[in-house]
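Next come the chains, spelled out residue by residue.
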Amino acid sequence: MAVEVLEPFLKGDTGRNTRGLLRLIILCTIAAAAVASRLFSVIRTWHPLGRVTGGTLYPGLMVTSGIIYHVLRLLSMPVDIRNICVLLAPGFSGLTAFASYLITSEMTTSPSAGLLAAVFMGITPGYISRSVAGSYDNEAIAIFLLVFTFFLWIKSVKNGSAMWGALTALFYGYMVSAWGGYVFITNLLPLHTFVLICMGRYSPRLYVSYSTWFSLGTLASMQVPFVGFLPIRSSDHMSALGVFGLLQLVAFVEFIRQQVPNKQFQTLLRGLIFVVFVVSMGVLVLLTVSGVIAPWSGRFYSLWDTGYAKIHIPIIASVSEHQPTAWPAFFFDLNLMIWLFPAGVYMCFQHLKDEHVFVVIYAVLASYFAGVMVRLMLTLTPVVCIAAALAISSILDTYLVADNPIPTETQSNGQATGDSVKSATNMIKDSLRSTRNPVLGIYSYISKASVVGAVTTYLLLFVLHCTWVTSNAYSSPSVVLASKLPDGSQHIIDDYREAYYWLRQNTPDKAKIMSWWDYGYQIGGMADRPTLVDNNTWNNTHIATVGKAMSSREEVSYPILRQHDVDYVLVVFGGLLGYSGDDINKFLWMVRISEGIWPDEINERNYFTARGEYRVDDEATPTMRNSLMYKMSYYNYNALFPAGQAQDRVRGSKLPAEGPQLSTLEEAFTSENWIIRIYKVKDLDNVGRDHASAVAFDKGNKKKKTAKRRGARVLRVE
Amino acid sequence: MLALDPRSYGNEKSAASLMEEVLILLLGCISNRGYKLTFESPKNDKLALFQHGERAFDHILLLPQKSKGTSSPANVDDFGLPNPGLGPALTPKLLVQFINQNGNILLTLSADYPTPTSISSLLLELDIHLPPDRDSLVVDHFNYDAASASEKHDVLLLPQGSRLRSDVKDYFGGDGTIAFPRAVAQELGNSNPLLAPVLRAKSTAYSYNPKDEADVVEDPFAVGEQISLVSSMQARNSARFTVFGSAEALENKWFDGKVKSVDGKDCKTANREFAKQIAAWTFMELGALKVGRVEHHLSSITGDAAGNDSVAQLGYLNPTIYRVKNEVTFNIEISEYSYDHLSHLKIDPSDALQLEITMLSPYHRLNLIPISQTPNSTTFSSTFKLPDQHGIFSFRVNYKRPFLTNVDIKREVTVRHFAHDEWPRSWEISAGWVWIAGVWITIAGWVAFVGIWLWSEPAYEQSKGKKMQ
Chain A
16 MAVEVLEPFL
26 KGDTGRNTRG
36 LLRLIILCTI
46 AAAAVASRLF
56 SVIRTWHPLG
66 RVTGGTLYPG
76 LMVTSGIIYH
86 VLRLLSMPVD
96 IRNICVLLAP
106 GFSGLTAFAS
116 YLITSEMTTS
126 PSAGLLAAVF
136 MGITPGYISR
146 SVAGSYDNEA
156 IAIFLLVFTF
166 FLWIKSVKNG
176 SAMWGALTAL
186 FYGYMVSAWG
196 GYVFITNLLP
206 LHTFVLICMG
216 RYSPRLYVSY
226 STWFSLGTLA
236 SMQVPFVGFL
246 PIRSSDHMSA
256 LGVFGLLQLV
266 AFVEFIRQQV
276 PNKQFQTLLR
286 GLIFVVFVVS
296 MGVLVLLTVS
306 GVIAPWSGRF
316 YSLWDTGYAK
326 IHIPIIASVS
336 EHQPTAWPAF
346 FFDLNLMIWL
356 FPAGVYMCFQ
366 HLKDEHVFVV
376 IYAVLASYFA
386 GVMVRLMLTL
396 TPVVCIAAAL
406 AISSILDTYL
416 VADNPIPTET
426 QSNGQATGDS
436 VKSATNMIKD
446 SLRSTRNPVL
456 GIYSYISKAS
466 VVGAVTTYLL
476 LFVLHCTWVT
486 SNAYSSPSVV
496 LASKLPDGSQ
506 HIIDDYREAY
516 YWLRQNTPDK
526 AKIMSWWDYG
536 YQIGGMADRP
546 TLVDNNTWNN
556 THIATVGKAM
566 SSREEVSYPI
576 LRQHDVDYVL
586 VVFGGLLGYS
596 GDDINKFLWM
606 VRISEGIWPD
616 EINERNYFTA
626 RGEYRVDDEA
636 TPTMRNSLMY
646 KMSYYNYNAL
656 FPAGQAQDRV
666 RGSKLPAEGP
676 QLSTLEEAFT
686 SENWIIRIYK
696 VKDLDNVGRD
706 HASAVAFDKG
716 NKKKKTAKRR
726 GARVLRVE
Chain B
18 MLALDPRSYG
28 NEKSAASLME
38 EVLILLLGCI
48 SNRGYKLTFE
58 SPKNDKLALF
68 QHGERAFDHI
78 LLLPQKSKGT
88 SSPANVDDFG
98 LPNPGLGPAL
108 TPKLLVQFIN
118 QNGNILLTLS
128 ADYPTPTSIS
138 SLLLELDIHL
148 PPDRDSLVVD
158 HFNYDAASAS
168 EKHDVLLLPQ
178 GSRLRSDVKD
188 YFGGDGTIAF
198 PRAVAQELGN
208 SNPLLAPVLR
218 AKSTAYSYNP
228 KDEADVVEDP
238 FAVGEQISLV
248 SSMQARNSAR
258 FTVFGSAEAL
268 ENKWFDGKVK
278 SVDGKDCKTA
288 NREFAKQIAA
298 WTFMELGALK
308 VGRVEHHLSS
318 ITGDAAGNDS
328 VAQLGYLNPT
338 IYRVKNEVTF
348 NIEISEYSYD
358 HLSHLKIDPS
368 DALQLEITML
378 SPYHRLNLIP
388 ISQTPNSTTF
398 SSTFKLPDQH
408 GIFSFRVNYK
418 RPFLTNVDIK
428 REVTVRHFAH
438 DEWPRSWEIS
448 AGWVWIAGVW
458 ITIAGWVAFV
468 GIWLWSEPAY
478 EQSKGKKMQ
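So the sequence lines, in the order shown, correspond to chains A and B. In this text, residue positions in the first sequence follow my numbering: the first is 16, and each later residue adds one. In this text, residue positions in the second sequence follow my numbering: the first is 18, and each later residue adds one.
Keep in mind that the hints were calculated from the coordinates and are not lab data. Some clues are possibly wrong.
Unchecked claim - Below, simulated DSS-like cross-link-like pairs (lysine-lysine); rule was C-alpha separation at most 25 Å, straight line: (1) A:714 <-> B:110; (2) A:697 <-> B:417; (3) A:695 <-> B:110; (4) B:169 <-> B:228; (5) B:363 <-> B:186; (6) B:277 <-> B:293; (7) A:714 <-> A:695; (8) B:53 <-> B:293; (9) A:601 <-> A:669; (10) B:342 <-> B:402; (11) B:186 <-> B:307; (12) A:697 <-> A:714; (13) B:110 <-> A:697; (14) A:695 <-> B:427; (15) B:363 <-> B:427; (16) A:697 <-> B:427; (17) A:697 <-> A:525; (18) B:427 <-> A:525; (19) A:368 <-> A:173; (20) B:293 <-> B:219; (21) B:427 <-> B:417.
Stated by the list, open to error - Simulated restraints on C-beta separations: (22) A:339 <-> B:461: 55 to 61 Å; (23) B:440 <-> A:364: 52 to 58 Å; (24) B:340 <-> A:342: 52 to 58 Å; (25) A:516 <-> B:378: 31 to 37 Å; (26) B:462 <-> A:185: 24 to 30 Å.
What the hints assert, rightly or not - Not everything, but these chain A residues come out facing chain B in the computed CB check (under 7 Å): (27) 63; (28) 65; (29) 71; (30) 213; (31) 214; (32) 578; (33) 701; (34) 702; (35) 703; (36) 710; (37) 730; (38) 731; (39) 733.
No experiment lies behind these values; they were computed from the predicted model shown. In this text, a Cβ means the ideal position worked out from N, Cα and C, and glycines have one as well.
Please take these sequences and the hints and turn them into a complete structure.
Pasting the structure below:
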């Protein structure tokens with residue numbers, strides 16, 4: 016914030032060095048603030064298939080933290096690897112702020128824009144959400160890589176330098192090794208190139224930078240085992256290849272045109288380009304149809320059709336991050352930048368150099384994607400920061416000038432404004448009345464003061480908002496729940512850890528735990544027990560198997576549990592506490608995912624009442640009430656309440672007077688607030704009965720003697 | 018009730034039951050084999066099958082008793098029904114718990130004494146059905162003892178040694194004749210896979226109630242070979258439960274008695290021998306398998322049977338991780354207990370001990386071949402190649418046969434994929450030679466091109482300076 020205030024005072028007589036030093040200090044402060052604001056949060060294997068770690072994982076994150084760890088050790092700084100993992104995301108957010116400074120500085124000559132972008136990037140909640148301390152996720156380093164790769168790309172397009180192109184490829188390769196979102200870069204850079212060609216802006220600079228990036232970057236990306244041959248086999252990467260081919264053709268034509276200035280020849284060449292383009296598109300389609308090139312992935316389709324995932328790939332749609340974004344979320348995550356953003360993009364149109372075209376394309380694509388998926392808000396945030404910084408810096412550069420402008424053509428009142436006015440004048444000419452006599456400056460101190468004051472207030476409010484969001488929404492761990500008691504004191508609900516430590520201390524080392532995949536990593540990490548499925552959702556069928564076991568009758572589920580050597584089943588139940596993120600609320604996704612694999616056995620409709628309601632009370636359908644998930648959630652729950660008054664506080668419904676009976680599982684553990692319930696899978700009955708009759712026998716129900724036989728005798732054959 | 022204390026395999030104490038006519042010979046026979054006997058009446062208030070949650074006896078021999086209809090308030094079973102005979106210490110629940118805790122029970126029935134409801138409901142749980150009428154007995158008009166039951170035909174004569182199936186070990190064999198007086202028929206249901214009949218009636222036998230159906234039998238409870246006279250149930254934890262259909266057959270009178278078959282031949286009964294077999298089997302002296310060493314290792318690490326110790330010392334034995342396509346050798350040592358010693362296990366050629374390499378479902382199911390044998394054990398072995406599939410596999414030997422204790426051995430191993438340096442190098446793959454050649458030719462061509470380009474002399478000397486920029 017200090018920047019805007021200090022800038023005019025530095026303008027006059029203070030030397031360049033002082034300004035440079037100040038800028039450096041400001042940048043460091045921003046980076047430190049970016050790191051510090053993320054420190055107020057609390058930290059938060061697939062049996063029996065096994066998972067090839069190298070082949071199902073982006074290694075970039077681990078490699079990065081490993082390198083940092085070893086470098087620090089080399090420098091005789093023995094830091095625990097865990098501390099590095101915890102602080103990696105905040106550390107990289109500092110770098111991200113720096114990268115956004117760099118990329119914004121490429122857009123405009125105003126130095127304040129870069130600093131503003133860095134500040135925005137440093138504290139915006141949209142980015143903090145994924146980079147608080149302890150969020151050791153791919154996105155932690157990926158956003159930095161994304162922004163920095165874009166910076167290098169802009170740099171290489173500007174300079175037409177193979178070195179910058181190679182650096183772009185290098186960081187692109189790093190990005191590929193870090194996050195699946197690299198496909199965004201893979202498609203954005205070709206699109207930028209394509210648009211530039213279409214605008215008739217082909218230049219050798221473009222040719223050099225794109226060719227360098229594409230060839231080196233593709234090779235680099237193929238070195239990641241998880242990606243492998245995808246860059247040449249999947250449709251998601253074909254646009255980069257196609258644009259590369261197009262660029263060669265265009266370059267060839269340019270070359271010929273310089274040699275042979277023949278008009279007819281040029282027409283011929285244009286025709287040739289068109290034919291080659293059409294033919295290559297045809298070949299591409301043919302290869303896709305014949306299966307040589309993998310068709311677009313489901314995740315890609317779900318970007319265009321928001322309903323696609325729900326029907327075809329429920330596992331993707333089941334993640335809350337993949338839901339379409341609600342409008343308030345934009346304001347919540349970006350605050351004032353969301354309305355500065357269009358202004359910034361408009362200012363890019365005013366200049367419209369190659370790099371501004373890039374920002375415009377980026378802005379359009381990212382806004383669309385952010386609207387489709389909550390998660391992709393993350394890719395939108397950098398461009399919003401850049402555009403907003405452009406807009407704000409332009410306002411400040413215009414208004415925050417103490418001197419009155421001298422109304423001559425050469426007089427500059429803030430370089431950016433001068434430029435924009437000039438080019439705007441050139442472009443629009445006399446079409447608009449207001450531009451015929453362009454405004455050259457602000458003369459009134461009152462207007463200056465009021466505008467600057469308003470902007471400063473906005474910026475301060477923005478800081479307030481960011482601090483508030485960060486402390487309230489993004490700094491609470493997901494494992495420990497906190498609630499406020501009526502007297503205002505904090506109450507900690509620690510059921511997850513209680514249950515995980517119970518598992519750790521009371522079950523055999525090799526006990527297999529079945530739970531929904533959301534809890535896989537936590538069980539693996541905190542309870543140290545193998546799980547059937549975890550958050551690395553690489554095998555949809557296996558997850559569907561777990562879904563089937565959860566949503567079927569006991570008689571169907573038990574063989575599945577036996578086959579997978581399951582010893583314990585863990586469910587999350589929020590009914591007592593009113594914790595809405597529980598398994599009954601996720602249950603429909605389990606049903607949908609398993610229905611995708613076994614449409615004959617599982618049918619989503621059967622879990623809804625005749626009127627299409629999802630209910631757990633007396634009116635719940637038999638399928639619902641017989642499902643293992645329902646039984647495990649509500650088993651013995653009645654005992655907590657006076658007869659017939661059991662209440663589910665999440666669904667807000669009264670439960671049936673008689674609770675469900677379990678015969679193949681027995682309750683092993685229920686946490687303090689009933690959030691976690693763990694069941695032990697019974698062995699086969701020792702004396703050869705089925706479980707239901709064994710349980711009935713234990714309860715003292717006498718087995719009925721077979722009355723007079725009806726029909727033919729069933730004889731025993733040895 | 019009778020408590021037995023054995024020196025038999027794996028047993029410490031044994032139990033017994035009570036009957037007014039003591040079966041001296043049988044019990045003498047049992048105590049001779051080292052069991053410590055404790056006699057208890059169900060009426061004894063202090064009788065308890067469990068002490069501090071553990072079994073107080075190793076085995077129970079339940080004999081029928083006379084107390085007909087003397088139900089005192091104390092003799093009420095779990096279900097609140099009057100329980101003729103068996104007290105609160107012998108409820109079906111407790112008997113099932115006794116089996117679940119590895120105790121063995123030999124139950125004898127008699128048509129002369131009513132079967133307690135406690136027992137019949139226990140049998141019903143196990144899918145063993147008794148005739149609905151308490152007085153029913155089995156008769157056979159073609160195979161009876163002409164000497165003692167020439168009128169009633171209710172003393173059956175049965176040959177010893179009919180095997181259940183050809184591949185089942187013959188523990189109850191012999192060539193004598195067993196006299197089976199006034200037997201209670203049992204019918205085994207199809208739903209319990211753990212049941213196996215030991216002695217079945219002949220096809221001409223049937224069960225009827227001599228009081229109600231003296232004149233005509235319309236719908237007999239069971240007929241022919243469906244009647245099991247001695248049935249066995251071996252629980253999943255290998256505890257054994259035997260139902261002996263005729264307590265009288267164990268009495269002294271029949272142990273060394275003489276019988277006369279229908280065609281007039283006199284012969285001695287083999288009841289003593291048969292009772293010994295039954296008691297020995299029930300009390301784990303017969304058909305008890307013991308698994309010794311279970312080992313697996315890479316086949317490339319050879320070592321004869323004696324050399325395995327050195328293999329173990331090197332740490333190559335029973336690794337927890339293998340690689341796909343590894344050659345692995347699996348060895349298992351099994352002994353069989355027979356009366357008083359461990360002997361080597363011999364498996365019938367029509368049967369096989371099998372090893373499953375399984376993940377979700379078996380990838381291989383291989384016969385284990387006996388490779389070495391000591392007087393006390395046999396070592397079975399198999400060598401195989403792991404499937405080309407990574408994951409957590411189990412080596413499982415699941416050998417469950419009637420009359421043999423269950424063997425279910427599972428060893429979990431992780432099978433990993435090839436490490437990055439375990440693939441053949443590029444030049445070892447002949448199909449890759451074309452591409453390798455292509456790479457090197459391109460490189461050489463490029464270098465050559467650069468060389469030619471740099472060293473080829475420009476045609477015009479004078480403009481050299483300008484071109485150089």
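Each hint, compared with the structure:
1. Pair hint residue 714 of chain A plus residue 110 of chain B holds up; C-alpha atoms about 10 Å apart against a cutoff of 25 Å.
2. For a cut-off of 25 Å, the pair hint linking residue 697 of chain A to residue 417 of chain B stands: about 20 Å separates their Cα positions.
3. The hinted pair formed by residue 695 of chain A and residue 110 of chain B meets the criterion: a straight-line CA distance of about 22 Å does not exceed 25 Å.
4. Between the alpha carbons of residue 169 of chain B and residue 228 of chain B the distance comes to roughly 12 Å, so the proposed pair stays at or under 25 Å and holds.
5. The straight-line distance between the Cα atoms of residue 363 of chain B and residue 186 of chain B is roughly 10 Å, inside the 25 Å bound, and the hint therefore holds.
6. The hinted pair formed by residue 277 of chain B and residue 293 of chain B meets the criterion: a straight-line CA distance of about 23 Å does not exceed 25 Å.
7. With a CA separation close to 19 Å, the supplied pair residue 714 of chain A and residue 695 of chain A stays within the 25 Å bound.
8. At roughly 16 Å between alpha-carbon atoms, residue 53 of chain B and residue 293 of chain B fall within 25 Å of each other, so this suggested pair holds.
9. Between the alpha carbons of residue 601 of chain A and residue 669 of chain A the distance comes to roughly 20 Å, so the proposed pair stays at or under 25 Å and holds.
10. This hinted pair checks out: residue 342 of chain B and residue 402 of chain B have alpha carbons roughly 5 Å apart, not beyond 25 Å.
11. Of the supplied pair hints, the one linking residue 186 of chain B and residue 307 of chain B holds, its CA atoms being roughly 16 Å apart against a limit of 25 Å.
12. Proximity of residue 697 of chain A to residue 714 of chain A is assessed by CA-CA distance (about 16 Å); at most 25 Å being required, the pair is judged to hold.
13. Between residue 110 of chain B and residue 697 of chain A, the direct Cα distance comes to roughly 18 Å. Compliance with the 25 Å bound is thereby established for this hinted pair.
14. Of the pairs offered as hints, the one joining residue 695 of chain A and residue 427 of chain B holds, with about 20 Å between alpha carbons and a cut-off of 25 Å not exceeded.
15. This hinted pair checks out: residue 363 of chain B and residue 427 of chain B have alpha carbons roughly 22 Å apart, not beyond 25 Å.
16. Pair hint residue 697 of chain A plus residue 427 of chain B holds up; C-alpha atoms about 18 Å apart against a cutoff of 25 Å.
17. Between residue 697 of chain A and residue 525 of chain A the CA atoms are separated by roughly 16 Å; this keeps the pair inside 25 Å, and the hint holds.
18. The suggested pairing of residue 427 of chain B with residue 525 of chain A holds, with an alpha-carbon distance near 13 Å, which does not exceed 25 Å.
19. Restraint check for residue 368 of chain A and residue 173 of chain A: satisfied, since their Cα atoms lie roughly 9 Å apart, inside the 25 Å limit.
20. For the given pair, residue 293 of chain B sits about 22 Å from residue 219 of chain B by alpha-carbon distance, which is consistent with the 25 Å threshold.
21. Distance check on the hinted pair: residue 427 of chain B and residue 417 of chain B sit about 14 Å apart at the alpha-carbon level, within 25 Å; holds.
22. Checking the proposed 55 to 61 Å range against residue 339 of chain A and residue 461 of chain B shows it holds: the Cβ atoms sit about 56 Å from each other.
23. The given range of 52 to 58 Å is respected by residue 440 of chain B and residue 364 of chain A, whose C-beta atoms sit roughly 54 Å from each other.
24. Separation of residue 340 of chain B from residue 342 of chain A is about 54 Å and conforms to the stated range, judged on CB atoms against 52 to 58 Å.
25. Checked against the given bound of 31 to 37 Å, the beta carbons of residue 516 of chain A and residue 378 of chain B, roughly 35 Å apart, stay inside it.
26. A hinted range of 24 to 30 Å holds for the C-beta pair residue 462 of chain B and residue 185 of chain A, which are about 27 Å apart.
27. For residue 63 of chain A, the interface hint holds, since its Cβ comes within 7 Å of a Cβ in chain B; the closest pair sits about 4 Å apart.
28. Evaluation of the residue 65 of chain A hint against chain B yields a held restraint, the C-beta minimum of about 4 Å falling below 7 Å.
29. Look at residue 71 of chain A: its Cβ only gets to about 11 Å from chain B, farther than 7 Å, so that hint breaks.
30. The criterion of a C-beta within 7 Å of any C-beta in chain B is not met by residue 213 of chain A, whose closest approach is roughly 33 Å, and the hint is violated.
31. Against a cut-off of 7 Å between C-beta atoms, the interface hint on residue 214 of chain A is violated, since the closest Cβ of chain B lies about 32 Å away.
32. A distance limit of 7 Å between C-beta atoms decides the matter here; for residue 578 of chain A the minimum to chain B is near 6 Å, and the interface restraint holds.
33. Interface restraint check for residue 701 of chain A: the shortest CB-CB distance to chain B comes to about 5 Å, inside 7 Å, so the restraint holds.
34. The beta carbon of residue 702 of chain A is positioned within 7 Å of a beta carbon in chain B (closest approach about 5 Å), and the interface hint is therefore held.
35. With a cut of 7 Å, the hint placing residue 703 of chain A at the interface with chain B holds, because the nearest CB-to-CB distance is about 4 Å.
36. Checking residue 710 of chain A against chain B by beta carbon gives a least distance of about 12 Å; that is not within 7 Å, so the hint is violated.
37. Against a cut-off of 7 Å between C-beta atoms, the interface hint on residue 730 of chain A holds, since the closest Cβ of chain B lies about 6 Å away.
38. Contact between residue 731 of chain A and chain B, as hinted, is supported at the beta carbon level, the nearest pair being about 5 Å apart and thus within 7 Å.
39. Taken as an interface hint, residue 733 of chain A checks out: its beta carbon lies about 5 Å from the nearest beta carbon of chain B, inside 7 Å.
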